[in-house]
Every structure is written in C-alpha cells, then in structure tokens.
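J.: Sequence:
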Amino acid sequence: MSKEESNELKAQSAGKESVELTKGKKRKRAGPQTGWSEKKGAGKLTKFDTAGKETTSTTPKEKTRIDGIKSKSDAEPPIERPEKLNKPKKPQVAPQATNSKFKPAQQARPKNKQTEGPRYSQQAQNVPPHLLKKRDELLPVRKSLPIWPQADVIKAALKTNNILVLTGETGSGKSTQLPQFLIDEPWCTKCIAITQPRKVAAISLARRVADEMGSFMGSQSPAAKVGYSVRFDNATGPSTKVKFLTEGMLLQEMLRNPAMSQYSAVVVDEVHERSVNVDLILGFLRNLVTGQESASARQHPLKVIVMSATADVGSLVKFFEDSQPSPTTEKPPGNPIDESTSLKQAEVASQAVASRISTCFVEGRQYPVKTVYLPQPTQDWVESALKIIFQLHYKEPMPGDILVFLTGQDTIEGLEKLINDYAEGMDKDVPKLLALPLFAALPQHAQQRIFEPAPFRTRKVILATNIAETSVTVPGVRFVIDCGKSKIKQFRNRLGLESLLVKPISKSAAIQRKGRAGREAPGQCYRLYTEDGYNTMDERTIPEILRCDLSQAILTMKARGVDDVLNFPFLDRPPREALEKALLQLLHLQALTETGSISETGLKISKFPLTPTLGRVLVEAAKPERDCLLDVIDIISALSVENVFLNLVTEERKEEAEEARRELYRREGDHLTLLVTVQRYAAEQTDRKIWCDKHFVSHRAMQTVMNVRKQLQQQCMQQKLLSKDDTQSELAPSEARSQAILACMLRGFISNTARMMPDGSYKTLMGNQTVAIHPSSVLFGRKVEAIVFNEFVFTGKAWARGVSVVQLDWVTEVVKAIM
DNA sequence: GAGCACTGC
Numbered sequence: 027m028s029k030e031e032s033n034e035l036k037a038q039s040a041g042k043e044s045v046e047l048t049k050g051k052k053r054k055r056a057g058p059q060t061g062w063s064e065k066k067g068a069g070k071l072t073k074f075d076t077a078g079k080e081t082t083s084t085t086p087k088e089k090t091r092i093d094g095i096k097s098k099s100d101a102e103p104p105i106e107r108p109e110k111l112n113k114p115k116k117p118q119v120a121p122q123a124t125n126s127k128f129k130p131a132q133q134a135r136p137k138n139k140q141t142e143g144p145r146y147s148q149q150a151q152n153v154p155p156h157l158l159k160k161r162d163e164l165l166p167v168r169k170s171l172p173i174w175p176q177a178d179v180i181k182a183a184l185k186t187n188n189i190l191v192l193t194g195e196t197g198s199g200k201s202t203q204l205p206q207f208l209i210d211e212p213w214c215t216k217c218i219a220i221t222q223p224r225k226v227a228a229i230s231l232a233r234r235v236a237d238e239m240g241s242f243m244g245s246q247s248p249a250a251k252v253g254y255s256v257r258f259d260n261a262t263g264p265s266t267k268v269k270f271l272t273e274g275m276l277l278q279e280m281l282r283n284p285a286m287s288q289y290s291a292v293v294v295d296e297v298h299e300r301s302v303n304v305d306l307i308l309g310f311l312r313n314l315v316t317g318q319e320s321a322s323a324r325q326h327p328l329k330v331i332v333m334s335a336t337a338d339v340g341s342l343v344k345f346f347e348d349s350q351p352s353p354t355t356e357k358p359p360g361n362p363i364d365e366s367t368s369l370k371q372a373e374v375a376s377q378a379v380a381s382r383i384s385t386c387f388v389e390g391r392q393y394p395v396k397t398v399y400l401p402q403p404t405q406d407w408v409e410s411a412l413k414i415i416f417q418l419h420y421k422e423p424m425p426g427d428i429l430v431f432l433t434g435q436d437t438i439e440g441l442e443k444l445i446n447d448y449a450e451g452m453d454k455d456v457p458k459l460l461a462l463p464l465f466a467a468l469p470q471h472a473q474q475r476i477f478e479p480a481p482f483r484t485r486k487v488i489l490a491t492n493i494a495e496t497s498v499t500v501p502g503v504r505f506v507i508d509c510g511k512s513k514i515k516q517f518r519n520r521l522g523l524e525s526l527l528v529k530p531i532s533k534s535a536a537i538q539r540k541g542r543a544g545r546e547a548p549g550q551c552y553r554l555y556t557e558d559g560y561n562t563m564d565e566r567t568i569p570e571i572l573r574c575d576l577s578q579a580i581l582t583m584k585a586r587g588v589d590d591v592l593n594f595p596f597l598d599r600p601p602r603e604a605l606e607k608a609l610l611q612l613l614h615l616q617a618l619t620e621t622g623s624i625s626e627t628g629l630k631i632s633k634f635p636l637t638p639t640l641g642r643v644l645v646e647a648a649k650p651e652r653d654c655l656l657d658v659i660d661i662i663s664a665l666s667v668e669n670v671f672l673n674l675v676t677e678e679r680k681e682e683a684e685e686a687r688r689e690l691y692r693r694e695g696d697h698l699t700l701l702v703t704v705q706r707y708a709a710e711q712t713d714r715k716i717w718c719d720k721h722f723v724s725h726r727a728m729q730t731v732m733n734v735r736k737q738l739q740q741q742c743m744q745q746k747l748l749s750k751d752d753t754q755s756e757l758a759p760s761e762a763r764s765q766a767i768l769a770c771m772l773r774g775f776i777s778n779t780a781r782m783m784p785d786g787s788y789k790t791l792m793g794n795q796t797v798a799i800h801p802s803s804v805l806f807g808r809k810v811e812a813i814v815f816n817e818f819v820f821t822g823k824a825w826a827r828g829v830s831v832v833q834l835d836w837v838t839e840v841v842k843a844i845m
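In the numbering used here, the protein residues as written are 27 to 845.
Calculated from the structure, these hints are not laboratory results. Accuracy of the hints is not assured; some may be wrong.
What the hints assert, rightly or not - In the EDC-like style, the derived pairs of lysine to aspartate or glutamate whose C-alpha atoms are separated by at most 16 Å in a straight line are:
#1 K169 - D237
#2 K736 - D259
#3 K160 - D210
#4 K185 - E163
#5 K533 - E557
#6 K413 - D447
#7 K533 - D558
#8 K823 - E524
#9 K633 - E163
#10 K225 - D259
#11 K649 - D752
#12 K680 - D719
#13 K169 - E389
#14 K421 - D455
#15 K511 - D436
#16 K789 - E811
Stated by the list, open to error - Simulated restraints, written as ranges between beta carbons of each label pair:
#17 G434 - A758: 34 to 40 Å
#18 L527 - A758: 36 to 42 Å
#19 K421 - R726: 24 to 30 Å
None of the values given here were measured: they were computed from a predicted structure. Using N, Cα and C, we set each Cβ at its ideal position, and we do this for glycine too.
Work out the full structure, taking the sequences as your base and the hints as a guide.
T.: In structure tokens:
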C-alpha cells in the first residue's frame with residue numbers, strides 16, 4: 027500500500043464522516059486539463075495536508091494565482107467608497123465588543139495581517155486545552171489555503187458593500203475560512219449563516235470549523251460558537267456565531283423571520299448546483315437587501331455572500347445589480363425618486379445604493395487530468411467501458427482505482443457482471459479486479475465498501491451513478507471513465523407528469539466527473555464520446571427550477587409575501603406556462619384564493635415539509651368530519667421515504683416476501699397497507715429490526731418514517747391541528763375510517779385519479795391519459811372502478827404508483843366541486 | 001409482470 031493510500035485510510039477512519047462530501051462543480055470552462063476538487067470536513071483537510079507534505083515532489087506547482095477583489099467600477103474601488111452613501115453607521119465598536127480584539131484592528135490594517143493568528147484567540151477562556159491544541163495545530167493548514175491571503179480584501183469589500191460574489195475553485199478553503207474571516211468584523215454582531223445543499227456537508231463543515239476555532243460544537247456547551255442545523259438534528263446554542271445549515275432549513279427560517287434579523291450575514295454556498303431552494307433563497311435575499319421587501323430596523327445591513335465554483339460570476343452580479351441604481355447613472359440626493367417617496371423609502375434607496383457588489387476569485391487546487399476521447403461515437407458504452415477498464419488494468423501500475431460513471435442501477439449491475447466474468451479469465455500474475463457498485467438505492471453497508479481498502483494486489487473499479495459526481499467522494503481514484511449520459515427528471519407541464527430520461531450530460535458535469543480523477547494525484551479521464559460530442563454538449567446543466575413542478579416553490583413564495591410570482595427575481599425564469607400551471611394547481615388545492623393570494627389553508631400547508639398535495643391531505647384529515655389525522659400522518663410519513671418494502675431480486679425471495687407481507691397488505695390499496703405497516707412497526711416493542719427482517723421491510727426506511735412522523739405530529743400540534751389528548755390508535759382502522767382516509771387522499775390528489783375503461787385499462791379523469799397500476803402496488807393486476815394515486819411516472823409506459831381504490835361517484839363529486 | 005438519477009424541509 028502506498029503512503030498516500032495509507033494516509034487516506036487513516037483519514038477515513040479518523041474522520042467521523044466516512045462519506046466525504048464535495049461541492050458540485052459545474053463550470054463553464056473547456057480549457058485544458060483542469061478540474062476541481064475540494065476537501066471538506068474533518069479528516070479530509072488533514073489528509074490533503076499530509077499528502078501534500080509527503081509528496082511535494084509530485085505536487086504540481088501550487089496554482090495560487092489569486093485575483094483580488096475587483097470592484098464593479100474600476101474608477102471607484104470598494105475600499106474607497108464614500109461613507110456617506112452607506113447607511114448611517116453605528117459606532118465602530120459593536121455593543122458587545124468589550125473585548126480588546128475589536129478596537130484598532132478595523133481602522134488600520136497592518137500589511138501582513140494574514141500572518142497573524144486568529145483574533146478570537148483571546149476569547150478562549152473556558153475552553154479545554156485539547157481544543158486549543160487542535161486549533162493551533164490546524165492554523166498552519168489554514169494559512170496554506172489559497173483563500174487565506176485574501177482575508178483582508180474580503181473584509182474590506184464587505185465593510186463597504188453588502189454583497190460579495192465569491193468564486194472559489196475547489197480546494198480554496200472558502201467554505202471553512204470565510205465565516206472565520208467575518209466573525210469579528212464590527213458589523214457582525216449576530217450570527218453568520220452558511221447554507222449547504224446537503225446535510226452531511228453542513229455537519230462536517232461545522233465540525234471542521236469548530237476544530238479550527240478551538241470551539242465546542244453546537245449543543246455540547248452553551249459557549250459553543252459553531253453549530254449546524256439540518257432536519258432532525260439541530261446543534262446550535264445560545265452563543266452560536268457560525269451556523270451551517272441546509273438550504274431547506276434557511277428557507278423555513280426565512281418564512282418564520284422574513285427580515286432575517288437573527289443574522290448579520292448569510293453565506294449561500296454551492297450556488298452553481300442551482301437547487302430550487304437556492305434559487306428561492308437568492309430571490310428572497312435580493313428582495314431583502316434591495317429593500318423591496320419590508321425594510322427592517324436593522325443595526326447593520328444584512329451582508330450577503332454568494333459563493334460558487336462556476337465562472338459565471340457575471341450572471342450572479344447582474345442578478346443582484348439589476349435592481350440597483352447603476353454606479354454611472356447614480357443620481358445625487360434629492361433626485362425625483364427621493365422627493366416623491368416617503369422617508370422610509372428614501373432610506374431604502376440609500377441602502378440600495380450602498381449595496382453594491384464586490385467580486386472575488388480564488389483559485390483552487392487540483393492535479394492535472396489527461397482527457398482521452400473515443401475516435402468514433404459508440405452506442406454501446408457498457409462494452410466500451412469494459413474494454414477500457416481492462417486496458418487500464420493491464421497497462422497502468424498500481425495503485426490507482428477506476429471510477430466509471432453510468433446512468434443507473436441496471437447498467438451498473440450489467441457491467442459489474444461482465445467485469446467479474448472477464449476477470450476470471452485473467453492471468454494469475456495480473457493483479458485482481460474488484461467491481462463495486464455505487465448508487466443511492468444501495469443499502470448503506472454496501473455503499474461503505476468503496477471506502478474499505480482493497481485486498482492485496484487488487485484494483486477497485488467503482489461503478490457509480492452521478493451520486494459520485496457531487497455527493498460521495500471515492501478515495502484512491504486515478505482513472506475516470508465517463509459515459510457522457512445521466513438520468514434526468516423532467517416535468518411535463520401539459521401532462522403534469524414527470525419522466526426520467528437518459529440524456530447527455532452538460533460540459534460542466536463532464537468537467538466535474540473528470541476532476542474526480544485528479545484529487546490525489548495526476549489522473550486520466552476516458553470519455554466514451556468523441557471530442558465533437560463534447561463540443562455539442564450544453565454548457566451547463568439546466569437548473570432544477572426549469573424542469574420541476576413549481577407548486578411547492580410558488581407556495582413558499584406566497585407564504586413569504588411575494589404576491590406577484592410572475593415577476594419574482596428568478597436567476598432563471600421558468601416559462602410562464604409552468605408558473606401558471608403551478609398557480610392553478612394551488613388554486614385547486616384551495617391553497618390560494620380566487621384572487622391569487624395565499625389562503626388560510628395554504629399558509630398551513632406551506633409550513634409542512636411536504637409537497638402542497640400531501641400538505642393538503644394532511645389539512646383535510648384534521649377537519650372534524652374526517653377525524654383521521656394521526657392515521658394520515660402515518661401514511662404520509664411512509665410516502666415521504668423512498669421504499670418501505672425491500673426490493674427483492676430473485677423470484678424465490680419475492681415469493682417469500684409476498685407471503686411474509688400478506689398480513690400487512692390491505693385490499694383497499696397501498697395507502698392502507700402503509701398505514702398498517704407503520705402501525706405494526708410502531709407497536710413492536712421487542713425488536714423492530716427483527717420485525718423488519720421478518721416482513722422484508724427496510725429498517726432504515728422505517729427509522730426515517732418514524733422521524734418524519736414525529737416531526738409532523740409536532741408540527742400539527744404547533745398549528746393546533748392536533749392536541750395532546752389525541753391518542754394514536756393501534757388498531758387497523760374501521761371501514762368508515764378507511765373511507766375517510768381515502769377521501770382525504772382524494773382531496774389532495776384529485777388530478778391523480780383514473781377510472782377503469784371497458785377494456786380494463788385506466789384513464790385519468792382530468793386529462794384522459796392512459797395509466798397502468800405499477801407492479802410495485804398491492805393493487806397490481808386488480809380491476810376496480812376508480813383509483814387515486816400519488817405518483818404518475820413515465821418510464822417506457824405511464825405508471826401510477828401508490829394506488830388506492832376509490833368510488834367513482836366520490837371522484838366526480840370532488841372534481842365537480844373544484845372545477 | 002416492471003424498474004427508480006440525486007438532493008432536501
């Protein structure tokens with residue numbers, strides 16, 4: 027085993043997160059061998075550092091070209107911006123800054139400030155020595171990060187401007203260092219929020235920053251300065267100054283506290299991944315900083331830092347700039363706008379003028395990766411991948427694992443089998459090959475295998491979906507094989523149907539995949555397409571907001587007081603048709619009134635971590651005439667996890683499972699079946715794991731179900747839909763109650779209903795689409811009058827999943843009522 | 001008698 031390998035292993039076993047998280051890097055850059063990688067979380071940076079030290083000869087000349095802050099206006103660098111344009115300043119020393127650290131430092135900036143230790147060192151009075159020791163050990167690592175020398179420039183920029191767009195390639199250290207740069211700034215009297223697209227990233231970053239600051243984490247101590255907040259896990263305390271949180275969490279907070287008065291700064295990280303949530307957050311923040319929304323009585327204006335790995339700074343800057351007076355056309359005070367507006371608006375305007383935008387670029391660290399294209403395009407990339415795997419295996423010295431990007435479980439399992447077959451015929455003196463599948467549906471313990479060391483003289487071949495593009499970092503990879511395709515979910519407005527299609531990836535995704543080969547050493551990337559093929563790819567992956575059902579996003583906007591959603595500041599504006607479709611759906615759900623404003627019901631729905639349809643079902647179940655809320659919570663909890671029932675492979679096991687689950691199945695359909703399953707699981711007092719094994723139910727899924735259930739019950743109590751006196755029934759529901767439950771489902775899923783045609787097929791009531799009951803349903807093959815279903819998916823054929831029997835006259839009744 | 005990329009509240 028090489029030094030690097032053993033370091034990697036040490037890091038893996040020492041780090042608490044065995045899955046290393048990275049940022050998605052979608053970058054517009056077709057240039058020569060560059061890629062991006064970033065170490066995050068405890069263990070990873072250490073590993074990088076160790077590896078770097080021990081392999082300095084092989085490390086490429088540190089690419090530390092760093093562009094400093096660039097002001098939008100060359101003639102007027104941000105640092106020299108006249109103070110008068112800013113909001114009236116509070117005294118330089120913040121109220122709680124009784125500590126000496128605040129005093130002179132902000133005024134006079136010594137030239138070589140970055141060589142000093144962190145200023146918060148004086149604060150560490152009640153901190154145990156081991157934390158301080160760790161902090162001091164980590165300081166040199168921090169100082170070696172490309173972003174470190176930029177600290178003063180960044181601080182100066184944010185002193186003058188309220189918005190900073192920071193593009194940092196991976197490995198620059200931006201996610202960990204930026205909050206530490208800002209924490210002692212005079213304007214930073216409250217907390218700094220840093221958003222992440224994934225939970226694991228939020229948690230591991232928080233751990234890392236706590237270590238670097240010599241602080242406790244979250245709830246460990248009331249003195250903890252660093253914390254995180256993700257669903258089901260809130261680790262923040264009264265002194266938390268740096269808080270990592272998932273995008274969804276920040277969005278929830280934005281609904282509860284629209285002015286964001288608990289924060290001095292919001293850092294939006296990984297913006298290039300462009301989740302729907304990020305798009306909403308950016309829109310809300312833009313409204314907030316430009317004073318279009320209620321201008322709050324803040325001490326200091328909210329600082330917004332947008333961080334991205336992409337090069338398209340331009341669109342981000344333009345996004346924030348558009349609403350602001352441009353620097354060149356700035357009007358002197360007393361201009362017509364100011365005169366005709368109220369005093370408050372004038373204040374807002376002056377704040378807007380001050381909210382100019384700084385930009386900053388920090389280069390990352392990455393080893394070079396050689397790209398090899400196919401000379402001719404191919405249809406059969408499984409075959410091509412197989413050939414290249416064995417070529418590499420014979421030709422390239424060990425160590426060096428191979429990562430193959432494929433589209434899904436089926437192709438992965440197919441290639442896995444082929445590799446194993448061919449590997450059997452290899453010469454005895456050739457090292458062995460170990461094929462390891464990696465996709466999200468794989469059980470956790472099977473996923474863990476990619477982190478385990480390969481046996482002696484064995485090369486790992488990891489066959490992965492795009493889970494390995496951003497969410498999981500596979501150690502030891504020197505070779506990447508990229509099929510150039512991925513499955514993409516697309517929402518079709520006209521049909522209200524989503525489909526999962528195999529499509530070519532974008533250039534930025536291809537670059538991202540390639541970068542996976544250059545994280546630990548120089549690498550190679552084999553693209554199973556031609557160079558022309560690459561050139562015809564889209565530059566960027568289409569943002570999620572342009573290809574998903576918008577009803578939840580729009581309800582969130584309405585709940586935050588955005589009345590005119592058609593004119594919401596979208597980074598990418600969805601087509602009008604998609605917006606209108608979503609508005610109509612919300613109207614059908616009675617989440618909106620006829621005039622388009624949010625209703626009482628809509629407000630309730632928006633507070634639940636559910637789609638509007640499921641939220642509507644929940645609200646319906648709380649009505650006295652329905653009176654089945656606890657049952658419906660159980661069902662919805664089960665619907666919000668992937669698969670409660672294990673997917674069996676062999677015929678034999680399938681039959682075994684059918685038999686074992688028979689006592690759970692209900693003839694009314696999948697919803698009542700799920701209810702019984704949750705009830706039985708919850709009632710199991712001895713060993714739930716054994717119960718799951720016995721019934722071929724996923725224990726992991728059921729644990730999540732129980733978490734969701736608890737959360738929904740709590741939220742229902744907060745919203746007064748449920749009282750403490752309501753008791754959970756442990757008995758399967760009566761006939762009458764079953765009917766009530768299905769009536770509630772129907773209220774939310776009225777557009778997902780179908781009736782049987784004379785030929786035995788099903789057609790939807792709204793849209794007249796043919797659908798078939800999915801084979802995973804307990805109703806598969808049954809012929810009933812009418813059905814209600816949760817999902818309408820197209821995979822070769824239109825399928826209804828999550829299906830229950832309903833009476834046709836109920837359906838027509840509800841349809842009539844809302845149309 | 002079919003199949004399901006990936007997040008997240």
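J.: Please name the hints from earlier in the document that this structure breaks, with their numbers sorted from lowest to highest.
T.: 3, 4, 9, 19
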